[in-house]
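Number of protein chains: 2
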Amino acid sequence: MSQPLRLGIAGLGTVGTGVVKIIRQKAALLAERSGRRIEISAVSARTREKDRGVSLTGYAWEDDPVTLATRDDVDVFVELMGGSDGPAKAAVEAALKAGKDVVTANKAMLAHHGQSLAVMAEASGAVLRFEAAVAGGIPVIKALTEGLAGNEIERVMGVMNGTCNYILTRMEDGGLSYDEAFAEADGLGYLEADPTLDVGGIDAGHKLSLLAAIAFGTQVDFGSVELEGIGSVSIEDIRQAADMGFKIKLLGVARMTGRGLEQSMAPCLVPASSPLGQLQGGTNMVVIEGDQVGQIVMRGAGAGEGPTASAVMGDVMDIARGLRVSTFGRPAGALARAVPAKVSTPAPYYLRMALVDKPGALAKVAAALGEAGVSIHRMRQYDHVDESAPVLIVTHRTTRTALDQALAAMQGTGVVLDSPVALRIEEV
Amino acid sequence: MSQPLRLGIAGLGTVGTGVVKIIRQKAALLAERSGRRIEISAVSARTREKDRGVSLTGYAWEDDPVTLATRDDVDVFVELMGGSDGPAKAAVEAALKAGKDVVTANKAMLAHHGQSLAVMAEASGAVLRFEAAVAGGIPVIKALTEGLAGNEIERVMGVMNGTCNYILTRMEDGGLSYDEAFAEADGLGYLEADPTLDVGGIDAGHKLSLLAAIAFGTQVDFGSVELEGIGSVSIEDIRQAADMGFKIKLLGVARMTGRGLEQSMAPCLVPASSPLGQLQGGTNMVVIEGDQVGQIVMRGAGAGEGPTASAVMGDVMDIARGLRVSTFGRPAGALARAVPAKVSTPAPYYLRMALVDKPGALAKVAAALGEAGVSIHRMRQYDHVDESAPVLIVTHRTTRTALDQALAAMQGTGVVLDSPVALRIEEV
Chain A
1 MSQPLRLGIA GLGTVGTGVV KIIRQKAALL AERSGRRIEI SAVSARTREK
51 DRGVSLTGYA WEDDPVTLAT RDDVDVFVEL MGGSDGPAKA AVEAALKAGK
101 DVVTANKAML AHHGQSLAVM AEASGAVLRF EAAVAGGIPV IKALTEGLAG
151 NEIERVMGVM NGTCNYILTR MEDGGLSYDE AFAEADGLGY LEADPTLDVG
201 GIDAGHKLSL LAAIAFGTQV DFGSVELEGI GSVSIEDIRQ AADMGFKIKL
251 LGVARMTGRG LEQSMAPCLV PASSPLGQLQ GGTNMVVIEG DQVGQIVMRG
301 AGAGEGPTAS AVMGDVMDIA RGLRVSTFGR PAGALARAVP AKVSTPAPYY
351 LRMALVDKPG ALAKVAAALG EAGVSIHRMR QYDHVDESAP VLIVTHRTTR
401 TALDQALAAM QGTGVVLDSP VALRIEEV
Chain B
1 MSQPLRLGIA GLGTVGTGVV KIIRQKAALL AERSGRRIEI SAVSARTREK
51 DRGVSLTGYA WEDDPVTLAT RDDVDVFVEL MGGSDGPAKA AVEAALKAGK
101 DVVTANKAML AHHGQSLAVM AEASGAVLRF EAAVAGGIPV IKALTEGLAG
151 NEIERVMGVM NGTCNYILTR MEDGGLSYDE AFAEADGLGY LEADPTLDVG
201 GIDAGHKLSL LAAIAFGTQV DFGSVELEGI GSVSIEDIRQ AADMGFKIKL
251 LGVARMTGRG LEQSMAPCLV PASSPLGQLQ GGTNMVVIEG DQVGQIVMRG
301 AGAGEGPTAS AVMGDVMDIA RGLRVSTFGR PAGALARAVP AKVSTPAPYY
351 LRMALVDKPG ALAKVAAALG EAGVSIHRMR QYDHVDESAP VLIVTHRTTR
401 TALDQALAAM QGTGVVLDSP VALRIEEV
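Protein chains in written order, with full-length UniProt numbering: chain A, 1 to 428; chain B, 1 to 428.
Just chain A, with the same shape it has in the complex:
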């Protein structure tokens, strides 16, 4: 058997503790599978004195993660602290510069600094892996980077924030309002300290930007992800969508088009009978479409100690086995700067609006759509509420540009009350 692989682990929260447990409890199994003993040389965390339910005996302690990352007895630096900048980034950079391999679960750091870290890794010959950063326990980075490496990827989609999917599922199943479902999720401890990371789509957007980089060979470009949170999704929309055979999901979609890279993380309608439509609660799902393989769907837990630690260990085991793949599946220098494109691949759209309850109002709306070249697939006017007439429209495929033009023209007619809701129907 070869030399042991020696880890330095920074961050001993749920995931870090989970990793330590696996390494302690499955030592023989891991050694048999990888051909090397997996050992922990040193650990680091904010607080040393704390009962984490696992013994840290035999591991050196470092207060400073940078010092940990560059220790002579550390082959792989495992970064589980989190935070896009600050100590996590400093320690990862120090490790890479010192030629240490790095395994991280830090989506925010990679979404913001993925390219520079990939360049740094390449310069020193280090490997930087991040399976745990996307969709928890689902080995999707591996599938996309390695298993499907013979494909040109056409589209990547994902429901990758379990908290949002939980909230949307509870609104649908439990008939809760957004605020009620949000409060329930909060009570269960599902929300990040800054909840906009979840419900604003930022966390899921980070993940999408990483998948897009691998899929399309572009530098990570989180800044260009069109982000729309779930705060504007109403129980009314969920009901109406369900009535027409759809579910509303916070769906990430990335595709390369002739105009550039489209990346969006927004509430979308998907067919209720599709795998994405059937996804309930906190589970994650990633859909990859390749020119050879067709559609691959992967489903599993997107968070939690076990699943995330499983992903971290997958990366550690790969390194132990000698796998050395470029960070985003190609040399950092070969990653093109993404040309961001506004989402404009034609799609059907779901529209909901309230009209003034006067003759001719609906005709004006229909005219505004027609003039912008948006044709109507289904339209439904339903029970009046006070003085307003709620209207639902499903369009045929149209571009977002044409739709926005129609929406602007509608607003000009004076018959539309409030802002219409417009959600893309993603064809899956």
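Wrong hints could be hidden among the right ones.
Since copy identity is lost for identical chains, a pair holds within one copy or between any two.
[Stated by the list, open to error] Listed below are the simulated EDC-like cross-link pairs for lysine to aspartate or glutamate, each with C-alpha atoms no more than 20 Å apart in a straight line: (1) K358 - E228; (2) K21 - E49; (3) K21 - E152; (4) K21 - D51; (5) K26 - E154; (6) K97 - D75.
These are computed hints drawn from the structure, not numbers from a lab.
Since we're looking at a predicted model, the values are computed, not measured.
Mind docking chain B on chain A? Use the hints.
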């Protein structure tokens, strides 16, 4: 860039041709991703003169795959001929003995000779990969061997024969009898030359035995897979199952128990609302359950040129990138001889039988179950047909042994007409 990786491809059917096309059409992409040019040195097939829709110019031709496999200008032997023995096995053995890496889609060969081939590969330091042998384009071998390498695997399940799932789906959706659905699948060219490979569960059983070897670290033991085809599934059972919220699938299940390794490939009931229950038509699905990751579900095309070629190329790209994992995820010598166990993990069962239409018949059946310790969860007697009274029973969890004892006792009472149908309900 490193030296090119030179392939010798034996077998130029749909999959082989698909691989050649990918290598010709995506040369730059593959080189960028793997860091090496992927080249074809030589090819071999039964017939040289045949329009395969792709140029073979520039590749040496070998009539004998063994000669091809051992050519000096071949680094990786790609075996796409099929057949568990004969030329495929001879050529793969020759390649491995010569220290050439091998990529194959040949599930039958691996199911029968996986252990000896793994030993052979290890002896010469060669790598033997077979992603395309299981579930077509779904990168499930990679997920199980690498991505989930930090888990103890608890259960592996799969719907892995698209033809069977197509037939069952058509029986359900189209109300066809088994014979009608079989004839339809045959007309569409979905069946193997020997259809028992499909409908007898043999092909899917081969795949299950390979997954089990990786999951549980045991030598491939196809001979111990309990095989039951779909020929005995009636439209009546499909309807009754649906009525109770279940679907019938040809489901492979492997789990390690205290008694040994259980492997079964048999028609089972699964909840209609589960991912397995929702699987329609020819699509494949594999479910992996690990102690850390929980349940991972993977879904995609299980056959066809593009998906299978995608899987072959995933293996080729791994080799180009320098990944060298043991055939079944551990050294061949570390794979334990499987201790096969009859499927006896307690499960609920679905029973359908016809009773003589006489007072006391049902009581005798109930008594037979009770005496064997099998308790009844639901029982339903439905419309009489001629002189017989059809009865449906769903049991609580019981072992197959207790159930068989009850079934034997029932037969002894003389009230049961024909053989009762007994299908396991797999809890997923």
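Status of the hints after comparison with the structure:
no., hint, in the structure
1, K358 - E228, "neither (33 Å within a copy, 67 Å between copies)"
2, K21 - E49, "within (18 Å within a copy, 60 Å between copies)"
3, K21 - E152, "between (39 Å within a copy, 13 Å between copies)"
4, K21 - D51, "within (14 Å within a copy, 58 Å between copies)"
5, K26 - E154, "between (39 Å within a copy, 14 Å between copies)"
6, K97 - D75, "within (13 Å within a copy, 34 Å between copies)"
Of the numbered hints stated above, the single one contradicted by the structure is hint 1.
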